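A.B. asks: Sequence:
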Amino acid sequence: MKRAILYGTAIAVLFCLSGSPMMAQGRGGSGGPGGGNGMGQGPGMGRQPGMDQGQMGQGQMEGREPGMSRGVNTTRPMIQQKTPTQLLQQNTKLSARLQNLLPPDEKVQDAASGFRNLGEFVAAAHISHNLNIPFDQLKEKVTNGDSLGKALQKLNPSLSHKDIKLQVKKGKEQAKADIKASHHPS
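Per the working numbering, the very first residue in the sequence shown carries number 191; after that it's consecutive.
None of these hints come from the bench; they were simulated from the model.
Note that the structure is a prediction, hence the values are computed from the model and not measured.
A couple of the hints might just be wrong.
[As the list claims (entries may be wrong)] Keeping only pairs whose Cα atoms sit at most 30 Å apart, straight-line, the calculated DSBU-like set for lysine-lysine is:
| hint | residue 1 | residue 2 |
| --- | --- | --- |
| 1 | Lys-362 | Lys-331 |
| 2 | Lys-283 | Lys-370 |
| 3 | Lys-352 | Lys-362 |
| 4 | Lys-366 | Lys-352 |
| 5 | Lys-297 | Lys-355 |
| 6 | Lys-360 | Lys-344 |
| 7 | Lys-360 | Lys-272 |
| 8 | Lys-352 | Lys-272 |
| 9 | Lys-331 | Lys-352 |
| 10 | Lys-272 | Lys-283 |
| 11 | Lys-366 | Lys-355 |
| 12 | Lys-272 | Lys-366 |
| 13 | Lys-362 | Lys-283 |
| 14 | Lys-331 | Lys-366 |
| 15 | Lys-297 | Lys-272 |
| 16 | Lys-359 | Lys-340 |
| 17 | Lys-352 | Lys-340 |
| 18 | Lys-297 | Lys-362 |
| 19 | Lys-359 | Lys-331 |
| 20 | Lys-344 | Lys-366 |
| 21 | Lys-370 | Lys-331 |
| 22 | Lys-297 | Lys-359 |
| 23 | Lys-297 | Lys-366 |
Construct all of the structure, not just a fragment, from the sequences and the given hints.
C.D. replies: Written as structure tokens, this is what we have:
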């Protein structure tokens, strides 16, 4: 009995340490031939061979939208996230606060278009204002895929890596404070 437990434990440890893709959690076909994730799904379960990630295979739960992950309640429609522009239209207190950070001729809702989320936009507005970097240039870099730090590096190469990190952190903290303050009565 002890020998069986010892062998079982040794095999389990070796299996885990080997980095076997069968136990890897995540997306894609890492679980082997049916695309299962190694957690109770064998061949033929999950995606059908040749299907892209997110497409439905036969026998999957009815009502699931293509692209929805497993474990999501599929009986209700997926809730769409509001864009920063939509959120700012609803939050006039935050809009007024941010208008002071932008060029006078720029409307807050227009300035927010293209950003992935409200926090990113508000942080960009603060960073632009703090460093006197033209907002439209910073926006162009960030909305085309650069992080705030990468955009700062390109727009102000004289800043050290440490200064860039500090400025991004400061901008994010200011954004968080502004968003929080706009939800609480003054």
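A.B. asks: Does the structure keep Lys-370 and Lys-331 at a Cα separation of 30 Å or less?
C.D. replies: Given that 30 Å is the threshold and the Cα spacing comes to 26 Å, the pair holds.
A.B. asks: Between Lys-359 and Lys-340, does the CA-CA distance stay at or below 30 Å?
C.D. replies: Holds, at roughly 13 Å.
A.B. asks: Keeping to a limit of 30 Å between CA atoms, is the pair of Lys-272 and Lys-283 held or broken?
C.D. replies: With a Cα-Cα distance of about 17 Å, the restraint between Lys-272 and Lys-283 holds, given a limit of 30 Å.
A.B. asks: Sort out whether Lys-340 lies within 30 Å of Lys-352, counting only the CA atoms.
C.D. replies: Distance ~13 Å between Lys-352 and Lys-340 Cα, so the pair holds.
A.B. asks: Is the Cα-Cα distance between Lys-362 and Lys-283 30 Å or less?
C.D. replies: Answer holds: Lys-362 to Lys-283 is near 18 Å, not above 30 Å.
A.B. asks: Given the hint that Lys-352 pairs with Lys-362, test it: the Cα-Cα distance must not exceed 30 Å.
C.D. replies: 15 Å, holds
A.B. asks: Is the Cα-Cα distance between Lys-272 and Lys-366 30 Å or less?
C.D. replies: 18 Å, holds
A.B. asks: Given the proposed pairing of Lys-360 with Lys-344, does the C-alpha separation stay at or below 30 Å?
C.D. replies: 19 Å, holds
A.B. asks: Would the hint linking Lys-359 and Lys-331 be met if the CA-CA limit is 30 Å?
C.D. replies: 18 Å, holds
A.B. asks: CA of Lys-331 to CA of Lys-366, is that 30 Å or under?
C.D. replies: 22 Å, holds
A.B. asks: Going straight from one Cα to the other, do Lys-297 and Lys-362 come out at no more than 30 Å?
C.D. replies: Holds, because 21 Å separates the two Cα atoms, which is no more than 30 Å.
A.B. asks: Given the hint that Lys-352 pairs with Lys-272, test it: the Cα-Cα distance must not exceed 30 Å.
C.D. replies: Roughly 33 Å separates the two Cα atoms, so the pair is violated.
The earlier numbered hint that this structure contradicts is number 8, and it is the only one.
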